[in-house]
Amino acid sequence: MSTVAERSAARKRALLEEKVLDELDDRLGSSKWLRSALDKVFPDHWSFMVGEIAMYSFVILIVTGVYLALFYSPSSAVVVYHGPYRPLDGQKMTQAFESVVNLSFSVRAGLVMRQAHHWAANIFLAAVAFHMGRVFFTGAFRKPRELNWTIGLTLLIVAMLEGFSGYSLPDDLLSGSGLRVVFSIIQSIPFVGVWLAFTLWGGAFPGTSVFFTRLFVIHEFLFPLILLGLLGAHLGMLWHQKHTDFPGPGKTEHNIVGSRLWPQYAVKSAALLTFIAAVIFGLGGFVQINPIWVYGPYNPARGSAGTQPDWYVGWLDGALRLWPHWEFRSFGHEIANPFFPGILLPGIVFTAMYAWPAIDRRLFADYGEHNLLDRPRDKPLRTAVGVAALFFFADLTVASATDLIGNALNVSFELLIEILQYGSFVAPIVAGVVAYKVCVLLQVQNAHPIQRPVGGVMVRDARGAFHTLGAEHAHAAPEGNGHEAAADSEETALEAAGGEPAPG
Amino acid sequence: MTSHSTSRPRILAGPAALVAVALALFSVLVWALPAPAQPKSQLKTSQSGASQSGVSKVAAGTVARGAKTLGTVKVSTDPAVITAGQQLYNLHCESCHGPGGVGAKAPQLLDVGPAAVDFMLTTGRMPLNSVTQQPLPGTPYFNKTEIAEIVAYINFVDVSHGTPGVGIPTVPPSCTKESATCPTLSEGNELFLMNCSQCHDASGAGGMLSHGYVVPSLRQATKRQIAEAIRVGPRPMPGFGPGQLTNQEVAAIADYVYYLTHSGNRGGFGIANFGPVPEGFVAIIFGLGLLLLVARVIGNRG
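For the protein sequence lines, the chains are L and E, in the order given.
Residues 1 to 504 in this note's numbering are what the first sequence lists, from first letter to last.
Residues 1001 to 1302 in this note's numbering are what the second sequence lists, from first letter to last.
For the record, the hints were derived by calculation from the structure and aren't laboratory data.
Just so we're clear, the structure is a prediction, and the values are computed from it rather than from any experiment.
Each hint should be verified, as a subset may be incorrect.
Claimed, not checked - Partial chain E-side listing against chain L, Cβ under 10 Å, derived:
| id | residue |
| --- | --- |
| 1 | L1091 |
| 2 | H1092 |
| 3 | C1096 |
| 4 | G1100 |
| 5 | L1185 |
| 6 | G1188 |
| 7 | Y1213 |
| 8 | P1216 |
| 9 | L1288 |
| 10 | I1298 |
Positions of the beta carbon are idealized from the N, C-alpha and C atoms, including for glycine.
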C-alpha cells in the first residue's frame, strides 16, 4: 500500500515524536496524562466543528485586538485632525476617533487588522449562533450537559455585549448613534434607569471623560477575560463529559467513534484554523467594513440614514422599530416605551433559553442521561419551537433593515413595519407548524431532508473487484444513514465511556 | 445494484452544495462590485455649459467667504432654440404641466427657473408616466440639445412672467486627486454630515422616508446636479436657499459628495456602502457559509 519512502518517513516521524515526548516526560513526568490526552477520541461529524470555528475566530479576535490596542487611545479629549484623509483635515474630533482614523490610514497593516477584527467578530457571533442551533436541534443540551448549555448561552450574551462595546469604541457617527440608543434604553428601566445610565456614562449623554476609559477597559479586559474563563469552562466540561454523537452503527450511549486527537483530529483542526484565518483576513483585506472616516466623528447634531448595529444586535434594533407606541401609566409614573423591546424582550428571550433544558425535560418527561443525539425529526415539537424562534429572530432582524429594504424594493416603510409587526407572531407560528409536519413526514418516509439514504461504503479489493460494505446495515438499522459502517482501523477508534481507550 | 443507485445522490449532494454556494458568492460579488464609474465624457458634458467666468467666481468665493453671486450657466435666449423647446414641451410636458407651464395635474412652472428644469431632465426624473409617482433618477429621456432647448423655453416663460427662478449653478472643477488644492473638502464633509446624511446616508447610498418616498443614491449625480438639487429642493427634499447655505458652501458640498462617490472605497469592496446590514449578510453568507463548507469537507458527513 505505502511505498518504502513513505514507510521510512513515518518511522522517522515516530522516532522524533518519541524523542520530544521523552524530553518533556523527563522534566514534567507528564507522559501518562499526555498519552491519554493525545489519544482522546473526537467524533468527526462536520457540524461538531462549528464550535471550533467560533473558538478560532475568537483566537483571531484576540490576536488582531492586541494589535489594535497598541494604537487606540481611549480619550475624549478634543484634538484637531491633520492627516492623510483630507475630508477630515482641520476638523475637531475626540482623540479616540482620531486614533482610529490614524490606525486606519497611517499605521502599517492597521486597516487590514481593524477590518479583520470586525469581520472576525461578525463571523464569531454567526458561528456561536449556528453552534447553539446545532446543540438545540440535536438535543445535545440534555442531561448531563445542561450546565454547559448555560455556560454557552452566557458566552453568547457576553460576546454580544463585547461586540457592541467594540462597535462603540471608535466614537464615529455610528458608535455615537448606537450609544445614544443604548443610553435611552438603560434610562427607560423603571426606578433605577436614569441613575444607572448616568453612573455608567459619568453624567448626561454623551458622557464625561471617564466614559471612554471605562468602555475601553470593558472591551479590552473585562469581557475578554470573562469570555476566556467561560470558554475554558465550556471546553473543560466538554473534555470531561466527552462529546455527543449521532446514533449509528457501532455507536452506543457509552462509547465514542471518531478520530484520536493526535494526529488525525489535530491535523483536521489545524486545517480548519488556517481556513478560518484565510477567510477572515481575506475579507479584512478585500471587503470594506465600518468605514469610520465616511461616518465622521460623532456629533449629537448629526445623523445618518442606514444607521444599524452589527447583525447580532439587529434583532433588538428591529424590536425597537416594531414595538407599538403604547404607553403604560400608573400612579403618576410612566414606564418608558423602549423598556419593553429593549430590556423586557431580551430578558424574556434569554430567560426562556436558560430555562430550555428544564422545559425540555418536562416536555418530553425524559430525565435520563443522553450521550447520543436526537435527529431533529424525532423530536418534532422541539424542532418546531426552534424553527419558530429562528423565524422570530429573522423577522426582527429584517425589521432593522426596513429602510434599506424599502429603498431597494420601492416599498413604503410603514407598510414594511406593519407586515413585520404581524410577521413577528404569524411567521413563527406558521413556520413552527410547517416544521412539525415536515418532521412527522420525514419520520414516516425515513428520508434525509436533502439527500437520499446512503447504502454503504464501496471498497475495491486487491484484485480489483468492488464490494459494498455496510449495505446490510442500511436495511438492518435504517437510522444509521450515511454512517461509516465498518470501523476502519486507520481512521476510527473506539473509546469506552469511562475506561481505557480500546485498541483501534 | 441497490447500493449503486442509493449511493449516487450522495455523490451529487456535494456538487449541488458547491453550486449553491457559488451562486450565493456570485450574487454577493455582483452586489459588492462598485457601481460603474461615471463616464468621463458625461462629466465634461455636465460642466461644458459652465462658463469659465462662473467657475472663477465660485473659486474666488472660496477666498472671500459668502460671495453674493453664484456662477450660473448662460441659458440661450435665441428664439429658434426657444421655439424648439416649446415644441418639445408641448409634446412631452404640456399634458400635465398645462399650456405655457401654467400647471394642471402637475405643478406650474412659471417660477421654477432653469436649475429645476435642468435637474429634472438631466437626471431622467421627468417626464413621469403618472403624476402620482415619485420622480426618481434614471436614464435621461431627452438628449443634451433637447434639454437645453426645453430649459431655454421654460426660462423664457419664467422671465416673461417676471419670476426668473434659480439659475443653473456652476461648481469648481472636480477634486478626486489627492492634492492640496481642495481646501473645501473638509468644509463639505462637515456640511454634508450636518445637512444631508440624515436622509442620503453618510456614504451617499440613499435611504427611505415616510409615506413611501425613496431617498436616491448620490453615486450617479454630477456636481452640477448636486448643486441644483440643494438650491431647488426636488420634493420631498427641501430646498436650501442662500440664507441657509452660501454659494461657497453649496460648492463645498457638491465637491465633497463627488469626492465621496468617486474616490474609491478604502479597504476593499464597499458592498453597496449601506453599512452594517450588508456587512452582516456577507459575514454570515460568505464568511460563515464558506467555513461551514470547509468543515463539511474536513469532517464526516452522514
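Looking at the structure, which of the earlier hints fail to hold? 1, 2, 3, 4
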